[in-house]
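Engineer: The listed protein sequences correspond, in order, to chains A and B.
Using the working numbering, you'd call the opening residue of the first sequence number 30 and step up by one each time.
Using the working numbering, you'd call the opening residue of the second sequence number 3 and step up by one each time.
Keep in mind that the hints are not guaranteed to be accurate.
Stated by the list, open to error - Far from chain B, by Cβ distances over 12 Å, these chain A residues were calculated: (1) A38; (2) G98; (3) Q100; (4) D107; (5) A131; (6) K132; (7) G139; (8) P144; (9) Q160; (10) H178.
Said to hold, decoys possible - Partial selection, computed: residues in chain B whose CB lies under 8 Å from chain A: (11) T36; (12) P38; (13) S41; (14) P43; (15) P44; (16) T74; (17) M75; (18) N91; (19) C118; (20) W121; (21) S123; (22) N150; (23) V156; (24) K158.
Hints listed in this document are in silico derivations from the structure and should not be mistaken for laboratory results.
Virtual Cβ for every residue (Gly too), placed ideally from N, Cα, C.
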Amino acid sequence: MLLCGATTAVKVGDVAPDFARADLAGRQVHLADYRGKLVLLNFWATWCAPCRKEMPLFSKWQRDYGARGLQIVGVSMDDDITSVKQLLVQRPVQYLIVMGDAKLGEQFGGVLGLPLSFLIDAQGRIVARYQGESDLAVMEAKLKELLPHH
Amino acid sequence: MTRPATILQSCILSSASIAAGIWMVAMNPPLAETRPVASIPPADLIQPADLAASLESSSLPKPLILQVGFRTMYDQSHIPGSDYAGPGNMPTGLQVLRDRVAALPKDTVIVIYCGCCPWSSCPNIVAAYDTLHGLGFTKVKVLYIANNFGRDWVDKGYPATKDQGLRTETGR
Numbered sequence: 030m031l032l033c034g035a036t037t038a039v040k041v042g043d044v045a046p047d048f049a050r051a052d053l054a055g056r057q058v059h060l061a062d063y064r065g066k067l068v069l070l071n072f073w074a075t076w077c078a079p080c081r082k083e084m085p086l087f088s089k090w091q092r093d094y095g096a097r098g099l100q101i102v103g104v105s106m107d108d109d110i111t112s113v114k115q116l117l118v119q120r121p122v123q124y125l126i127v128m129g130d131a132k133l134g135e136q137f138g139g140v141l142g143l144p145l146s147f148l149i150d151a152q153g154r155i156v157a158r159y160q161g162e163s164d165l166a167v168m169e170a171k172l173k174e175l176l177p178h179h
Numbered sequence: 003m004t005r006p007a008t009i010l011q012s013c014i015l016s017s018a019s020i021a022a023g024i025w026m027v028a029m030n031p032p033l034a035e036t037r038p039v040a041s042i043p044p045a046d047l048i049q050p051a052d053l054a055a056s057l058e059s060s061s062l063p064k065p066l067i068l069q070v071g072f073r074t075m076y077d078q079s080h081i082p083g084s085d086y087a088g089p090g091n092m093p094t095g096l097q098v099l100r101d102r103v104a105a106l107p108k109d110t111v112i113v114i115y116c117g118c119c120p121w122s123s124c125p126n127i128v129a130a131y132d133t134l135h136g137l138g139f140t141k142v143k144v145l146y147i148a149n150n151f152g153r154d155w156v157d158k159g160y161p162a163t164k165d166q167g168l169r170t171e172t173g174r
């Protein structure tokens, strides 16, 4: 008997679900606030080695492309905020971090493995999905293609 | 957020953050490096297709299945009948695991799984496996998930649910 355990798939081309989550200072962050920007939404966790490996490069991208309209939002899927704060004191990042949960994971079709990233365009539409250890050069090329050229 | 009005306030806030971070590390240390996942004997691995087949068989006895990865993934989707008993990368998670199996006979068939990230990077499975062996359990199997639970289990159409099993976590 097949039991339904898969969440509704969120596909490339779909409008990204809006959400509100607290950042590490407790301020509410709404994805919709970043309409007009290219958003890299990255689900990660402190204990996920491939996730930690990506973060310095994401910080570099935020510095390099932020003025052109890139906003990176890291969604921690850690069970508690303590370990996140602990890691980020030791390894600070240059982009926004919010705390995720199962409900947010389900909104994005299920976060059933990390890392998982979505590129969301200025109209709020998902234009790419990256599951697992991605080729970051490919990801960077894609976001450069989507950013406005100055 | 109100920006610090003075450089002094910035320094005070920065120092407080660093101090808080040091305190957090002391209070909640992660586990030291564990053995690599490749150290788990192949004979103790079970493939997803085989576990799924055994679950769907009415004639085969069902093992105790424990997810030892992260809670938010368990809450979204897990193998039906499995309990959450992790995370394996934290001492607190391994205590949850110990508590879950404390009353069980040592020849109980136990299947542990994670699927948080690519197999070679999993920080949870080996510590959980070693913990169970250290407690004297002799029939421990590890579900081999090459990429992640979504791709290697759910997307294959194997049984999955979000129904809550036994909540064995402490303090949550």
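Engineer: Each hint should be assessed against the structure and marked as holding or not.
Structural biologist: So, going through the hints one by one against the coordinates:
1. A38: 10 Å, violated
2. G98: About 23 Å separates G98 (chain A) from the closest Cβ of chain B, which puts it past 12 Å; holds.
3. Q100: 17 Å, holds
4. D107: 8 Å, violated
5. A131: Check fails; 4 Å does not lie beyond 12 Å.
6. K132: Since the minimum Cβ distance to chain B is about 9 Å, K132 (chain A) lies within 12 Å and the statement is violated.
7. G139: 5 Å, violated
8. P144: With a cut-off of 12 Å, P144 (chain A) comes too close to chain B, as the shortest Cβ separation is near 7 Å.
9. Q160: Per Cβ check, Q160 (chain A) is inside 12 Å of chain B; nearest 7 Å; violated.
10. H178: Check passes; 32 Å lies beyond 12 Å.
11. T36: 12 Å, violated
12. P38: 12 Å, violated
13. S41: 17 Å, violated
14. P43: 23 Å, violated
15. P44: The hint is violated - P44 (chain B) has no Cβ within 8 Å of chain A, the shortest such distance being about 23 Å.
16. T74: 5 Å, holds
17. M75: 6 Å, holds
18. N91: 5 Å, holds
19. C118: Since chain A brings a Cβ to about 6 Å from C118 (chain B), closer than 8 Å, the hint holds.
20. W121: 11 Å, violated
21. S123: 5 Å, holds
22. N150: Interface hint status for N150 (chain B): holds (2 Å vs cutoff 8 Å).
23. V156: 5 Å, holds
24. K158: With a minimum Cβ separation of about 10 Å from chain A (threshold 8 Å), the hint on K158 (chain B) is violated.
When held up to the earlier numbered hints, the structure conflicts with 1, 4, 5, 6, 7, 8, 9, 11, 12, 13, 14, 15, 20 and 24 and fits the remainder.
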